[in-house]
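With the hints as your guide, set chains B and C onto chain A.
As a plain string of letters, each chain reads:
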Amino acid sequence: MRNYLSLNDIDDLSSWVEEARKLKQNPTSHKNLGEGKTLCLLFFNNSLRTRLSTQKAALNLGMEVIVMNFGNEGWALEYGEGTVMDQGTSEHIKEAAQVVSQYCDIIAIRAFAGLKDKEKDEAEEVLIGFKKYALVPVVNMESSVGHPLQALADAITLAEQHTKKNPKIVLSWAPHPKALPHAVANSFVGMMRLQDAEFVITHPKGYELNPAITEGLTIECDQKKACENADFIYVKNWSSYSDYGKVLHQDSDWMMTKEKLGDAKFMHCLPVRRNVVVEDAVLDGGQSLVIAQANNRTFAAQVVLKKLLE
Amino acid sequence: MRNYLSLNDIDDLSSWVEEARKLKQNPTSHKNLGEGKTLCLLFFNNSLRTRLSTQKAALNLGMEVIVMNFGNEGWALEYGEGTVMDQGTSEHIKEAAQVVSQYCDIIAIRAFAGLKDKEKDEAEEVLIGFKKYALVPVVNMESSVGHPLQALADAITLAEQHTKKNPKIVLSWAPHPKALPHAVANSFVGMMRLQDAEFVITHPKGYELNPAITEGLTIECDQKKACENADFIYVKNWSSYSDYGKVLHQDSDWMMTKEKLGDAKFMHCLPVRRNVVVEDAVLDGGQSLVIAQANNRTFAAQVVLKKLLE
Amino acid sequence: MRNYLSLNDIDDLSSWVEEARKLKQNPTSHKNLGEGKTLCLLFFNNSLRTRLSTQKAALNLGMEVIVMNFGNEGWALEYGEGTVMDQGTSEHIKEAAQVVSQYCDIIAIRAFAGLKDKEKDEAEEVLIGFKKYALVPVVNMESSVGHPLQALADAITLAEQHTKKNPKIVLSWAPHPKALPHAVANSFVGMMRLQDAEFVITHPKGYELNPAITEGLTIECDQKKACENADFIYVKNWSSYSDYGKVLHQDSDWMMTKEKLGDAKFMHCLPVRRNVVVEDAVLDGGQSLVIAQANNRTFAAQVVLKKLLE
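Chains as they are written, first to last, in my numbering: chain A, 2 to 311; chain B, 2 to 311; chain C, 2 to 311.
Bound conformation, chain A alone:
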């Protein structure tokens, strides 16, 4: 494996999940693997779980970690070809990516969708820019299109539940006051394609995800119907894709409740707005897996770093 940019870089999800679960049993079992190696984390956006869990994963493997908030601490990057750089950008991705590569062994990058320009976001210019010019492996810590470390952690969490062979898993849109990216939903859908499951996506009309991503999947716009007899309900807000980056409405009827949840387990990537996305009773009840999901972020990152080091 050269990079971890998307779920396409996973050759065999179930063996990765198994390996991550082994690492969880004994997190420092490969402490020598990372000795003398450095991971550089570049954040273009805020982060709590990703920031801490990826560092922890690297430390578990014996790596050194250098963290940089690129936006505040570095220089504004240019991605265009042939640009006359007489405006706001001070450094081109060509130089930046090559330069950073010389100071570390793996580069991990977080750069969210701007939600203004669909074409620009879909090009994943920051992630792909680094991938194109970096001399070392690149890890996606959430790009404008996907969040494959989250999806891998979610797969680990599902596996830990030892459910029946073909569980019913629902991805449900939920209301949110701000426009949020599609990355988590996109990667969850992608991960579902690598699992045996009865998978249903539910959202209000107008909140369809990129049709290229959901092609051939079941979409049910009646949330209650979609959630019936579910084993897992993964809740997440995203902004409109067709009316790109817009909040069309914040229909509070779509908030996840204990009633709608039924006997299903509740999943969310966090951070989550209580009583907007999901009611307190769900998060504080025994069916919520959100803390376990966050914990598995460490072992998702660790299995990725381990494979890149090997």
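In case anyone wonders, no lab produced these hints; they're calculated from the structure.
Fair warning: there could be bad hints in the mix.
[To be verified] A few chain B residues facing chain C, derived, Cβ under 8 Å: (1) 26; (2) 49; (3) 53; (4) 54; (5) 218; (6) 247; (7) 249; (8) 273; (9) 275.
[To be verified] Label-pair distances were calculated between CB atoms; the ranges are: (10) A:226 <-> B:247: 38 to 46 Å; (11) C:34 <-> A:88: 43 to 51 Å; (12) A:2 <-> B:23: 44 to 52 Å; (13) A:118 <-> B:84: 33 to 41 Å; (14) A:26 <-> B:247: 50 to 58 Å.
None of the values given here were measured: they were computed from a predicted structure.
The C-beta atom is built at its ideal place from N, Cα and C for all residues, glycine as well.
Same frame as chain A, now just chains B and C:
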């Protein structure tokens, strides 16, 4: 010991001070104790001494350290019960504290008083929120009410002076252009209650500390009289407690001078505004202990971390 | 060596370059030297290369690293003698430097020129303030006057090219939309004085560097003539020195082109604005040394840290 939230978590101050002084003689004597353990420092406010000395203490114990400026790098936290989170806050303390706990072995937190809402400040919502929901020990790196690592460093500094059995120690208010919290003064007073000393507090009328904290202690509003024959004078500004968070006046007559200091040793937690809080002649003279106090911050933190690791 | 503040702290450039090149062959050959030692990086300005390469250098030597963005994370510092600190500054350099010294073994500082007040910039108040009061060695990571780590990396890069004994080296001004400091140019000139080379400086009239720095050197204001038969052309923008900190013009005729470069190698400290300072064809061609220069920043820092540790 489960946490280090306030001086109440110290079972025997003199033995802690003794242990800290031993660590100072040989800072890396317990380098194996922290092996494979991670300390996570969460800053909601600026810091110089606390930031560096707490990291140094952890490194001396062989721990890994992850530092996060929560305010800028993470998500705005919600502390209320049952809040409908459709406003500025993105993540609830319930999730944040549990999640962070899974990536480290000890969490240390700095979150100053806002000085707008006494009740909110006194509830120490950030520190107590983390304590309530965290799954690992929590250390107070200055909360809205106290700064027990500073007070412990001050106790170490006093002990190093080998003074007479019952020294006269004065806590004197000093002028300052900005409204400052009460935390350092509160913890110094609390620490004085654990020492044999003739302790006097002096401040202008209107600058009384929380009466619950100073109950039964000597308060003398004539600064010169209070300082007479003092062995140590600890100087600190704080804003009004009764007219909460207000700067009532900046009476420069209260600045500490060489003349008022007499033969006493001068103490201050730093940062200090020269020629406002204290004149140059004091800080540059031989009676100032401020640099030694700052140095002892490392060993105060180290003894706390050591006890939490054990 | 007590500090690394300027090129004056290099006793023998060629032996330093040789030592750096040996470290480059085997970066972790002195991993034990830094064991138990801590480097504290204090940034008053943005940084990419310096931030990452200096950390990497320290890690290669087995040191611990503590990074602090002083401007955002600490307190505003006062440098004046006898100031009544009732305005914006909260802590005096006298305290700050002594305090930081107690938490680490080496302090490295970046504090750019403000380009408003020549006298203040030339006093290098941040760097010299730390040097004056620190109790441990101080390293210049770019001050208001010089960038000696960059110049040392440039010397390593030149040596790696195995050129003829007395190469022709040109330092050429280039246009830039923003006012930039003189530090890199100053240190490059200083480093040239320690090399055998035919050295020529070229810039438009009005962009003369500090005459005390260029005294006795060849200055040729016709850029094409200056570049004729050059072996190396080091390109850099700087603002006016006589009309201090001003952008007099952005004459695009001065951009470095493939044509002007001829057979010379191209050098630049980065970040560089493409098609403003230098055209794409130069950076993307085989004669550019900029990535190698950036790589050598690690070994420049490493040789400096090694000498300070020894």
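Okay, the hints, checked on the actual structure:
1. 26: It is violated, given that the least Cβ distance between residue 26 of chain B and chain C is near 15 Å, above 8 Å.
2. 49: 4 Å, holds
3. 53: 4 Å, holds
4. 54: Hint holds; residue 54 of chain B Cβ to chain C Cβ min 6 Å, cut 8 Å.
5. 218: 29 Å, violated
6. 247: 18 Å, violated
7. 249: 16 Å, violated
8. 273: OK, holds: residue 273 of chain B within 8 Å of chain C, min 7 Å.
9. 275: Check passed: Cβ of residue 275 of chain B comes within 5 Å of chain C, closer than 8 Å.
10. A:226 <-> B:247: 38 to 46 Å: Once the Cβ atoms are compared, 59 Å apart, the range 38 to 46 Å for residue 247 of chain B and residue 226 of chain A is violated.
11. C:34 <-> A:88: 43 to 51 Å: 45 Å, holds
12. A:2 <-> B:23: 44 to 52 Å: Taking Cβ atoms as reference, residue 2 of chain A and residue 23 of chain B lie about 49 Å apart, which means the hint holds.
13. A:118 <-> B:84: 33 to 41 Å: Holds, at about 34 Å.
14. A:26 <-> B:247: 50 to 58 Å: 56 Å, holds
Checked against the numbered hints above, the structure violates hints 1, 5, 6, 7 and 10; every other hint is satisfied.
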